[in-house]
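**Q** With the hints as extra help, turn the sequences into a complete structure.
Number of protein chains: 4
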Amino acid sequence: MRRGLSKAGLGRLENEEQLIELAGAYGFEAADADAVTLIERHGVNGAKELLTRNGVELGAIGLPVEWRQDEQTFLSGLPQLTRSAAAAAELGGTACCTYILPSTDWNPAHFMAVATRRLRTCARILGAYGIRLGLEFVGPHHLRTRWKHPFIWTMDETLDWIAAIGEPNVGLLLDAYHWYTTGGTAEDIGRLKPEQIVHVHLNDAPDVPVADALDNGRLYPGEGVIDLGTFLRTLNGIGYRGIVAQEILTQTQPEESPEELARRSRAGFDRAYAAAGL
Amino acid sequence: MRRGLSKAGLGRLENEEQLIELAGAYGFEAADADAVTLIERHGVNGAKELLTRNGVELGAIGLPVEWRQDEQTFLSGLPQLTRSAAAAAELGGTACCTYILPSTDWNPAHFMAVATRRLRTCARILGAYGIRLGLEFVGPHHLRTRWKHPFIWTMDETLDWIAAIGEPNVGLLLDAYHWYTTGGTAEDIGRLKPEQIVHVHLNDAPDVPVADALDNGRLYPGEGVIDLGTFLRTLNGIGYRGIVAQEILTQTQPEESPEELARRSRAGFDRAYAAAGL
Amino acid sequence: MRRGLSKAGLGRLENEEQLIELAGAYGFEAADADAVTLIERHGVNGAKELLTRNGVELGAIGLPVEWRQDEQTFLSGLPQLTRSAAAAAELGGTACCTYILPSTDWNPAHFMAVATRRLRTCARILGAYGIRLGLEFVGPHHLRTRWKHPFIWTMDETLDWIAAIGEPNVGLLLDAYHWYTTGGTAEDIGRLKPEQIVHVHLNDAPDVPVADALDNGRLYPGEGVIDLGTFLRTLNGIGYRGIVAQEILTQTQPEESPEELARRSRAGFDRAYAAAGL
Amino acid sequence: MRRGLSKAGLGRLENEEQLIELAGAYGFEAADADAVTLIERHGVNGAKELLTRNGVELGAIGLPVEWRQDEQTFLSGLPQLTRSAAAAAELGGTACCTYILPSTDWNPAHFMAVATRRLRTCARILGAYGIRLGLEFVGPHHLRTRWKHPFIWTMDETLDWIAAIGEPNVGLLLDAYHWYTTGGTAEDIGRLKPEQIVHVHLNDAPDVPVADALDNGRLYPGEGVIDLGTFLRTLNGIGYRGIVAQEILTQTQPEESPEELARRSRAGFDRAYAAAGL
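Chains as they are written, first to last, in the UniProt record's numbering: chain P, 1 to 278; chain B, 1 to 278; chain X, 1 to 278; chain H, 1 to 278.
Simulated from the structure, these hints should not be mistaken for lab results.
Hints may contain errors.
What the hints assert, rightly or not - Straight-line C-alpha distance at most 20 Å; calculated SDA-like pairs for lysine to any residue: (1) B:Lys193 - X:Gly239; (2) P:Lys193 - H:Glu57; (3) H:Lys48 - H:Ala86; (4) X:Lys148 - H:Trp147; (5) B:Lys193 - X:Leu75; (6) B:Lys148 - P:Ser103; (7) P:Lys193 - H:Trp106; (8) P:Lys193 - H:Pro194; (9) P:Lys193 - H:Arg2; (10) P:Lys193 - H:Asn236; (11) X:Lys193 - B:Lys48; (12) P:Lys193 - H:Gly237; (13) H:Lys193 - P:Pro168; (14) B:Lys193 - X:Lys193; (15) X:Lys148 - H:Asp105; (16) H:Lys148 - X:Pro150; (17) B:Lys193 - X:Ser103; (18) B:Lys148 - P:Phe111; (19) H:Lys193 - P:Ser103; (20) X:Lys193 - B:Met1; (21) P:Lys193 - H:Met1; (22) H:Lys148 - X:Thr145; (23) X:Lys193 - B:Lys148; (24) B:Lys193 - X:Thr145; (25) X:Lys148 - H:His149; (26) H:Lys148 - X:Ser103; (27) H:Lys193 - P:Phe111; (28) P:Lys148 - B:Lys148; (29) B:Lys48 - B:Asp34; (30) X:Lys148 - H:Arg2.
Claimed, not checked - One side of the interface only, derived from the structure: several residues of chain H facing chain X at Cβ under 8 Å: (31) Thr98; (32) Ala109; (33) Phe111; (34) Ala113; (35) Val114; (36) Thr116; (37) Arg120; (38) Pro150; (39) Phe151; (40) Glu157.
Ideal Cβ positions, reconstructed from N, Cα and C, are used throughout, including at glycine.
**A** Here's what the structure looks like:
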């Protein structure tokens, strides 16, 4: 399982280039960087060269489409999605991710129908470029009542949604924090096939009751209470060989420099991988 | 628009054959009969001959799959669906219908995801045989709170669901009672394309507040307060040329004989078509 | 059936605006203009206003994707397709068309597989914007041996291909010249449902043996030997209410001015519609 | 990679039960047996018990649908497919396979379109039961001209076809004989993802020029010239962990008893796995 970095957890990064350089400098093999920006600034060959020079591959890109609002807003994002998919594919990217808010102001059944169609459209555009779409279920309890009606937040519900979308290139983004806050077990991961997982997020949770863990209250791997050893060992055991990228959402930006945070991230990954016997 | 009869509204029918004969005798052009039963009893040629002799075509068959419960129950219905589709196709049938309960004990978003996949599977099996799947939204207000959570009950939500299912052969079953109890207008029908409608149900509602109209409190066409003239005229105006089948759900079986009820149905259709200027 | 003009047959048109103005001036209700160009030059509102002022709606746009060559070329067209679809949708367009060459240098079975996937991708992007994809089978005999292997050229083969693509928004572009050069009959059109037809081309053929009619040897409607009365009458009879657009492919540009050619087109349409009793 | 036996290569087997018992007795972990027959004779629990008692799991079932002839024949096989899929799923089966003849009497492009739709329908029915469809490309040169027109026979063409079918549960049946007779290399296998392979066939080829190797001239693993060490090592290297089932097609039934042939098969597998370092 290749170690990756995202921007979330590195403080005040100046740009994509710094993310890639820090990833390379601290032993990470992937960076969740923006492919369009990289190509705009360096050209395709320059961007590839930047990645290669740092020993880093392109990780997951974010889904540049607002699929939760009105139809016009959704449609207006599709040209950008096509450009993003093309750009990511040029740099060797194979993953694009979005998250599922666990509550909604819509009628939830109706929203599920509309969002199923919209995410299918996104998956199909991505699929043309050989890119997969990862859906991240979101566990923190406070978000389940943040909007009017409960939506979905468990892994099994998300797998059912993926089946409803019905495209070969849709799978899970499995985030340790959401696994933890939805009461996930080793068995839950153990019954996945590796190809059902598009991307993995690594992070940790504070020592508070699970129901009180806030979405933006995450810790660096190994600094909290999530059993990341079991998490990573089980993922490895089912044959997952993709990227495990750090994602630390916090209420305020950390004080340390990006460099110090990258070193701290490296230490966290070392601890978590060691706990997994990897 | 061809007039059709279903069993609902003809009292204590003895069998499919009586439905077909009454349809033919009272000027109906279609009967929502069970194709498998007809073929079992008459063979394919005999069943065709029975229909032809009575001047009646096969209307819609019901979906013989329980898609609202557990997965095992759903799967166990698919062999029967394949047989039903094959049988209907042999008799010239092109429609299969099911209804959507407006509330559910499931988490509604999750149920929408699961049901989307299941109905897609049904649609694909039907589609192999050239048969379309009609989804009937169900309007009576009392059913919206009959189970724990609201699901969907409007035409627009159902059209969004049809798009989520994403198969070319899925459309609406448009029932006059549900159009009425969801506050449907001529404009609502007017913006449909005829190919979006798989089947139409005709019936009437008692003179009570709309919110009090019970699902099994339906009247014969022309005996109630629904503006069936507008309903049929608008359907005809958009180019719909399919079947308009009577469906009268009542709390108790009517006292009259099937023959008397068929005559009454005929009179009701005459009134409604006349009101539409057809 | 609304009369439409394309550029093919109007000589040396200066731009899209002239096409729209000539369409309006000579009683045509639609113009197969380029939506992206119109919006670039006039903005969305200006483009709409230009169409409205001339009493013309946007007809079919061409598919801006090369789906017959290598994969890289195919993929590089998708961002443009997304932009074109968005632009057409903004102007009320609902149709996008491409043609099928009747022979190919590829292994034909392999090409069919690859092209099925590619056109499905195109259809899905168009479908997100409510636009349909029309496939035009191409009849002239000389093209059947123009490349190494026969591909497909009949209406029935094309319908089978549409089923293989499997998207709800794919249908036929029915061109009178190709109907004629493939030996099409009224019965062939008569068994279509109107929603299977995305767009129609009108033109005529010289009085030569059918097998000698050249693809770029087309005449104006009513100036040749195709039974356009039967063609249009049957289309109207099955309920087709879409656009019938002129497309005249010739070896050399005609000498007349666009204005004279528009007048000639109008006369041709008048003759053909009159022959159809419309 | 689990070793499996099919009937092809065991001579005059009496029934499915003997296949399962021989598989168990000679160290095979899977048997390509007919699930419907097993359940008819033993009931679901009895059939499961028979498999468990012999330490054998259900391998791939054959596709019980004739998809290469007329539409009526195709459709008439779908009820049986639904039953077979249900039966296989009840016994834990996850694979169903069919083969692609490398030439055809149809127009090959047209046949590709029709067969794409039909195999999609089959895949969807299988997919409802969690069963995958494996497509076997067929390499022997003499079959490429056996019917009028070339169809497809390479792995890459087959992968393109799988993409055209477009269902998540369709993949390759990779047969050592067809890999060999199409000039397959380790690199060809090396660029597959394990989930692209539904089933594997093991067998060997006589020491004749590749172009002369007959489809029904196959040898037991390790008795011929195919580099099965490379074949199996590469499959294992990409992470394939599914079944490798023997399939020996010969012109005449071998003289030996099923028991002797099972022993010989075991020895062949031992040689091939040893050559692969497994």
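**Q** Now look at each hint and say whether the structure bears it out.
**A** Do the hints match the structure? See the list:
1. The hinted pair formed by lysine 193 of chain B and glycine 239 of chain X meets the criterion: a straight-line CA distance of about 12 Å does not exceed 20 Å.
2. For the hint pairing lysine 193 of chain P with glutamate 57 of chain H, the CA-to-CA distance comes to about 19 Å; that is within 20 Å, so the pair holds.
3. A distance of roughly 14 Å separates the Cα atoms of lysine 48 of chain H and alanine 86 of chain H; the hinted pair therefore holds under the 20 Å criterion.
4. Using a Cα cut-off of 20 Å, the hinted pair lysine 148 of chain X and tryptophan 147 of chain H holds, with the two alpha carbons roughly 19 Å apart.
5. Note on lysine 193 of chain B and leucine 75 of chain X: the hinted pairing is violated, with a Cα-Cα distance of about 33 Å set against a maximum of 20 Å.
6. With a CA separation close to 17 Å, the supplied pair lysine 148 of chain B and serine 103 of chain P stays within the 20 Å bound.
7. Annotation: proposed proximity of lysine 193 of chain P to tryptophan 106 of chain H is violated, straight-line Cα distance about 40 Å (limit 20 Å).
8. Between lysine 193 of chain P and proline 194 of chain H, the direct Cα distance comes to roughly 11 Å. Compliance with the 20 Å bound is thereby established for this hinted pair.
9. With a C-alpha separation of about 17 Å, the suggested pairing of lysine 193 of chain P with arginine 2 of chain H holds against the 20 Å cut-off.
10. A C-alpha spacing of about 17 Å is found between lysine 193 of chain P and asparagine 236 of chain H, which places the hinted pair at or below 20 Å, so the restraint holds.
11. In summary, the hint linking lysine 193 of chain X to lysine 48 of chain B is not supported, as the alpha carbons are separated by about 24 Å, beyond the 20 Å threshold.
12. Between lysine 193 of chain P and glycine 237 of chain H the alpha-carbon distance is near 17 Å, which keeps this suggested pair within the 20 Å criterion.
13. Restraint check for lysine 193 of chain H and proline 168 of chain P: the C-alpha separation of about 14 Å stays at or below 20 Å, so the hint holds.
14. Proposed proximity of lysine 193 of chain B and lysine 193 of chain X is supported: the alpha carbons are some 13 Å apart, at most 20 Å.
15. A distance of roughly 18 Å separates the Cα atoms of lysine 148 of chain X and aspartate 105 of chain H; the hinted pair therefore holds under the 20 Å criterion.
16. Pair hint lysine 148 of chain H plus proline 150 of chain X holds up; C-alpha atoms about 13 Å apart against a cutoff of 20 Å.
17. At roughly 36 Å between alpha-carbon atoms, lysine 193 of chain B and serine 103 of chain X are farther apart than 20 Å, so this suggested pair is violated.
18. Using a Cα cut-off of 20 Å, the hinted pair lysine 148 of chain B and phenylalanine 111 of chain P holds, with the two alpha carbons roughly 18 Å apart.
19. Only pairs whose Cα atoms come within 20 Å are accepted, and lysine 193 of chain H paired with serine 103 of chain P is rejected, the gap being roughly 36 Å.
20. This hinted pair checks out: lysine 193 of chain X and methionine 1 of chain B have alpha carbons roughly 16 Å apart, not beyond 20 Å.
21. Of the pairs offered as hints, the one joining lysine 193 of chain P and methionine 1 of chain H holds, with about 16 Å between alpha carbons and a cut-off of 20 Å not exceeded.
22. Straight-line distance between C-alpha atoms of lysine 148 of chain H and threonine 145 of chain X comes to about 18 Å, which keeps the hinted pair within the 20 Å bound.
23. Only pairs whose Cα atoms come within 20 Å are accepted, and lysine 193 of chain X paired with lysine 148 of chain B is rejected, the gap being roughly 43 Å.
24. Proximity of lysine 193 of chain B to threonine 145 of chain X is assessed by CA-CA distance (about 41 Å); at most 20 Å being required, the pair is judged violated.
25. Only pairs whose Cα atoms come within 20 Å are accepted, and lysine 148 of chain X paired with histidine 149 of chain H is accepted, the gap being roughly 13 Å.
26. For the proposed pair lysine 148 of chain H and serine 103 of chain X, the alpha carbon gap of about 17 Å is at most 20 Å, so the pair holds.
27. For the given pair, lysine 193 of chain H sits about 35 Å from phenylalanine 111 of chain P by alpha-carbon distance, which is inconsistent with the 20 Å threshold.
28. Between lysine 148 of chain P and lysine 148 of chain B the alpha-carbon distance is near 16 Å, which keeps this suggested pair within the 20 Å criterion.
29. A distance of roughly 13 Å separates the Cα atoms of lysine 48 of chain B and aspartate 34 of chain B; the hinted pair therefore holds under the 20 Å criterion.
30. Proximity of lysine 148 of chain X to arginine 2 of chain H is assessed by CA-CA distance (about 45 Å); at most 20 Å being required, the pair is judged violated.
31. Because the smallest distance between the Cβ of threonine 98 of chain H and any Cβ of chain X comes to about 16 Å, over 8 Å, the interface hint for this residue is violated.
32. Annotation: interface hint on alanine 109 of chain H holds; nearest CB of chain X at approximately 4 Å, less than 8 Å.
33. Checking phenylalanine 111 of chain H against chain X: minimum C-beta separation of about 7 Å stays under 8 Å; hint holds.
34. Restraint check, alanine 113 of chain H versus chain X: the minimum CB separation of about 4 Å is within 8 Å; hint holds.
35. Proximity of valine 114 of chain H to chain X holds as hinted, the smallest CB-CB distance being about 5 Å (cut-off 8 Å).
36. Proximity of threonine 116 of chain H to chain X holds as hinted, the smallest CB-CB distance being about 4 Å (cut-off 8 Å).
37. At about 7 Å, the closest approach between the beta carbon of arginine 120 of chain H and any beta carbon in chain X falls short of 8 Å, and the interface hint on this residue holds.
38. With a least beta-carbon distance of about 7 Å to chain X, the hint placing proline 150 of chain H at the interface is held under the 8 Å criterion.
39. About 5 Å separates the beta-carbon of phenylalanine 151 of chain H from the nearest beta-carbon of chain X, less than 8 Å, and the hint is met.
40. The closest approach between the C-beta of glutamate 157 of chain H and any C-beta of chain X is roughly 5 Å, which is under the 8 Å cut-off, so the hint is satisfied.
The structure shown violates the earlier hints numbered 5, 7, 11, 17, 19, 23, 24, 27, 30, 31.
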